[in-house]
Every structure is written in C-alpha cells, then in structure tokens.
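**Q** One letter stands for each residue in the lines below.
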Amino acid sequence: MNINLTLIGQMIVFVIFVWFTKKYVWTPIINALAERRAKIADGLAAAEKGQQAQALGEEQAQQVIAEAKTQAAEILSKAEKRGGEIVDEAKDGAKAEGERILAAARGEIDKELNMAKEQLRGQVAALSVEGASKILAREVDASVHADMLDDLAAKL
Amino acid sequence: MASGSGTQTSSEYIKHHLQNLTFGNHPENGWGIAHSAEEAKEMGFWAIHLDSMFWSIILGALFIWIFKRAADKATAGEPSKLVNFVEWIIDFIDDNVRSTFTGKNDIVAPMALTLFCWIFLMNLMDLVPVDLIPMGLAALGIEYQKVVPTTDPNVTFGMALGVFFLMIYYSFKIKGVGGFLGELTLHPFEAKNPILKLLFIPINLFLEGVSLIAKPISHSLRLFGNMYAGEMIFILIALMYGSNIILSMFGGVLQFIWAVFHILVITLQAFIFMVLTIVYMDMAHTTHDH
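As you go down the protein sequences, you meet chains A and B in turn.
180 is the number that this note's numbering gives the last residue of the first sequence; the numbers go up by one with no jumps.
325 is the number that this note's numbering gives the last residue of the second sequence; the numbers go up by one with no jumps.
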C-alpha cells in the first residue's frame, strides 16, 4: 500500500504502451477499416449499377423478342401469300400449257383429216372415173374430162 | 488453505495477501527484497513493487501482442476471426471517443484502447483464485505476491497521473498559458468590476484547483477502491476454506457467485476509467463557454 517508485515505473510503462498502440495497432487497423468501408461502399454501388444494367438488358431483350415475333408473323403471312400466288401461277401455267397442247393436237388432227380427205377425194375421183368408164362402157378420156372430174372432186 | 500452514492466523493471512513483493533500499539491510511489511514500509519511496510491475507489463504485452498480430493481418479484405474481434473492440472504442471527444487529437483513441484493454486484463487477474499463484511462487521461495496490479494504488495512480499530465500539457497547448490560467482563475465567479475580479481570483483558483487535483485522485482511487474491495472479498471467502467441510462448500459457492458478479465489475471499471480519460482529454481541448 506504499506509494513508491512503482508509480514512476507504471507511468513510463503506460506511456510506452500508449505510444506503441498508437503507432503499430490503432493506425493500421483504423486505416484498414476505413479502406474496407470504402471498398464495401464501392461494391454496393457496383452491385446496384449491375442490377440496373440487368433490368435494362431484360427490358431490351423483351423488346427484341417482341420485334422478332412480329417480324416472324409478318414473314409467315408473306410466305403464305407468296405460296398461294405460286400455286395460282402454276395452275394458270398448267392451264395455258394444257390449252396449247390441246390446240396443237387439234391442228394436227385437222391437218391429218384434211390429208385423209384429200386422199379420199383423189381416190373417189379415180373410182368415179373408173366407175363411170365402166358404166359408159367406153373409154372416157381422162384428160378431156379433167375439168369435169376436178369439179366433181371439189364437190365431194 | 488459510489454516493449512497452521501457524498463520486469519489476520496474518489477510495481511500477507495484501503485501507486495517489494524491492528497494532498506536503511539497515541495504538493497534487496523486503521480507516483511515493516521492512517494505521502511524502504520509503525508493522501492519498487516487483509483482505489480511484472504482472502489469506481462498483461500489457499480452494485449499488445494480440492486437499487433491482428493489426499485421488487417486488410481491406475479408477479416479473420481474430481480426474481426479486434476490429470489433476498436470500433467500440472509436464510437465512444467520437461521441465524447470533440477536439482533434490522434492520441486520445489509442490511449483509450490501451487503457481499456490493459485495465481489463489486469482486473481479470482478480478472477484467478487468490491463493493459486502466490502459493505456487511461495514454493519457489518468493514470499509475497499480489497478482492483481490494479489493487496496487501505484499502478492506478501511475495511469491516472499519466492521463493528468497529458491533460495539463494539452490544456496549455490548445488554450495557451493565458487561456488555461484564465480558466483556472476567472471561473466560476465572474465580475465586470476590475477590483471585484481581482478579489475573485484567489477564490476561483482555490475552487478550480481543487477540482483539477481531484480529477487524477478520483480517477485512480475509483479503480483502485473497486478492485481492492473485490480482492478483499475474495480473500475473506478464501478464509472459509480449510475450517470445515460445510463452510468450505459454502465458500466455494460464494466465490463462484462473487466471481460472476466481478466479471461485470472488472469490465465496468475498465470502461469507466477509459470514459473518464476521454472526458478529461475533452476538457483539455474545449474552452469554457460561459
């Protein structure tokens, strides 16, 4: 319980401890804390920014999707229309071709008919002359009566 | 344990526990360790309490070692458990300093941290059973041992005077010699009349002087008194051991209860010492506004 030199010793120790704490403990830790606080604040700000960017991105994506959908619908309807057109065109083409082929066939038939008629006429004329000569029992000069025979053939 | 030695009475036991291990210059025996309380007293001022110095330095070094390790590892990244704990304490001290101390001084917060942790650790020695360390050391031939440095008034006065001198130093530095002396002489009684003002100077000086001197005394005696009384109760409880089995068991229960209560006391006293330090330093940095 005596007051003695311990008092002075304690004061010296106290000063040394306070000095040491200030220099090697307090300053580095308080700096680290301040640094971390700044870092956390930065991180939070960045996170918020990121969230905003994400929301913005989502909105844009929705817009793009909506646009794509309308475009797709447009393309689909156009394609349908064009398909109908192509079918119609094909139908028209086919019809025209069919008619053309039909017309050509008809022409051919007419031509062949005419040829057959021509042949028949010639043969009928020859037969008529032969028949007539037989009926007349005398020779009719074909060259003399050619005009008459031609006239007959034309009438057939 | 008390009556275990057989020859020791209760009062001798208590006195033995309240005696520091003193090294000093005895008028007759020369330099050496005092072998009795009377010898220690006769050494006068030029003696040192080896136990108080040893335990306070060891505990202060423990505090500094733990905190230095944390400080070396402290980064802006994710903190480890130790760093987190240390930072928690530092945040707590920093909050206290910020809310009480209005001036600008870098030494106040580290000083508050040092005092709080150091005093807490020194007080914590109170929870070590009173006979454990002294009995062990007695077996090694060391007669006296007080393991709680804060039950030594030299220790508490040493810290309180350290704070007090810093307070005086900053009072002069911040307010100037005239400002500080004016604070001591021109309050609390004020007068416009020059003659009356002159008359008030000695009265004011006396009142302010008393309140100034009272600061380190109350500062240190508050801590010393609480710890000394707590230690005394532990010693009295320890007296119950060894008398008979029922009293010993009762003493054990009492010691447990008192120790649990004392956890609050030691923390509170460390906190109060720290807060008063901050308040005194704040007074040194602010001028009276009346």
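Accuracy of the hints is not assured; some may be wrong.
[As the list claims (entries may be wrong)] Calculated cross-link-like contacts (lysine-lysine; reagent style DSBU-like; alpha-carbon spacing at most 30 Å): (1) LYS46/A / LYS50/B; (2) LYS46/A / LYS139/B; (3) LYS116/B / LYS63/A; (4) LYS210/B / LYS47/A; (5) LYS46/A / LYS210/B; (6) LYS108/B / LYS47/A.
[Stated by the list, open to error] Simulated DEER-style distance windows between Cβ atoms: (7) LEU216/B / GLU72/A: 52 to 62 Å; (8) GLN95/A / ASN119/B: 49 to 59 Å; (9) ASP141/B / VAL88/A: 51 to 61 Å; (10) ASP141/B / GLU72/A: 28 to 38 Å; (11) GLY67/A / ASN119/B: 17 to 27 Å; (12) GLN75/A / ILE307/B: 41 to 51 Å; (13) ILE27/A / PRO164/B: 38 to 48 Å; (14) ALA111/B / GLN95/A: 22 to 32 Å; (15) GLU72/A / GLY217/B: 17 to 27 Å; (16) ARG104/B / GLN84/A: 49 to 59 Å; (17) ALA79/A / ILE93/B: 36 to 46 Å; (18) ILE307/B / GLU82/A: 51 to 61 Å.
[What the hints assert, rightly or not] Selected chain A positions facing chain B (in silico; Cβ < 7 Å): (19) THR30; (20) MET35; (21) VAL37; (22) PHE41; (23) PHE44; (24) TYR48; (25) VAL49; (26) TRP50; (27) ALA69; (28) ASP112; (29) ALA129.
It should be emphasised that the hints constitute simulated quantities derived from the structure, not laboratory data.
For each residue, glycine too, the CB sits at the ideal point set by N, CA and C.
**Q** Indicate, hint by hint, whether the structure satisfies it.
**A** Hint-by-hint comparison with the structure:
no., hint, verdict
1, LYS46/A / LYS50/B, "39 Å, violated"
2, LYS46/A / LYS139/B, "15 Å, holds"
3, LYS116/B / LYS63/A, "20 Å, holds"
4, LYS210/B / LYS47/A, "26 Å, holds"
5, LYS46/A / LYS210/B, "24 Å, holds"
6, LYS108/B / LYS47/A, "15 Å, holds"
7, LEU216/B / GLU72/A: 52 to 62 Å, "56 Å, holds"
8, GLN95/A / ASN119/B: 49 to 59 Å, "57 Å, holds"
9, ASP141/B / VAL88/A: 51 to 61 Å, "58 Å, holds"
10, ASP141/B / GLU72/A: 28 to 38 Å, "35 Å, holds"
11, GLY67/A / ASN119/B: 17 to 27 Å, "18 Å, holds"
12, GLN75/A / ILE307/B: 41 to 51 Å, "47 Å, holds"
13, ILE27/A / PRO164/B: 38 to 48 Å, "28 Å, violated"
14, ALA111/B / GLN95/A: 22 to 32 Å, "51 Å, violated"
15, GLU72/A / GLY217/B: 17 to 27 Å, "54 Å, violated"
16, ARG104/B / GLN84/A: 49 to 59 Å, "52 Å, holds"
17, ALA79/A / ILE93/B: 36 to 46 Å, "60 Å, violated"
18, ILE307/B / GLU82/A: 51 to 61 Å, "58 Å, holds"
19, THR30, "4 Å, holds"
20, MET35, "5 Å, holds"
21, VAL37, "6 Å, holds"
22, PHE41, "5 Å, holds"
23, PHE44, "6 Å, holds"
24, TYR48, "6 Å, holds"
25, VAL49, "4 Å, holds"
26, TRP50, "4 Å, holds"
27, ALA69, "16 Å, violated"
28, ASP112, "74 Å, violated"
29, ALA129, "96 Å, violated"
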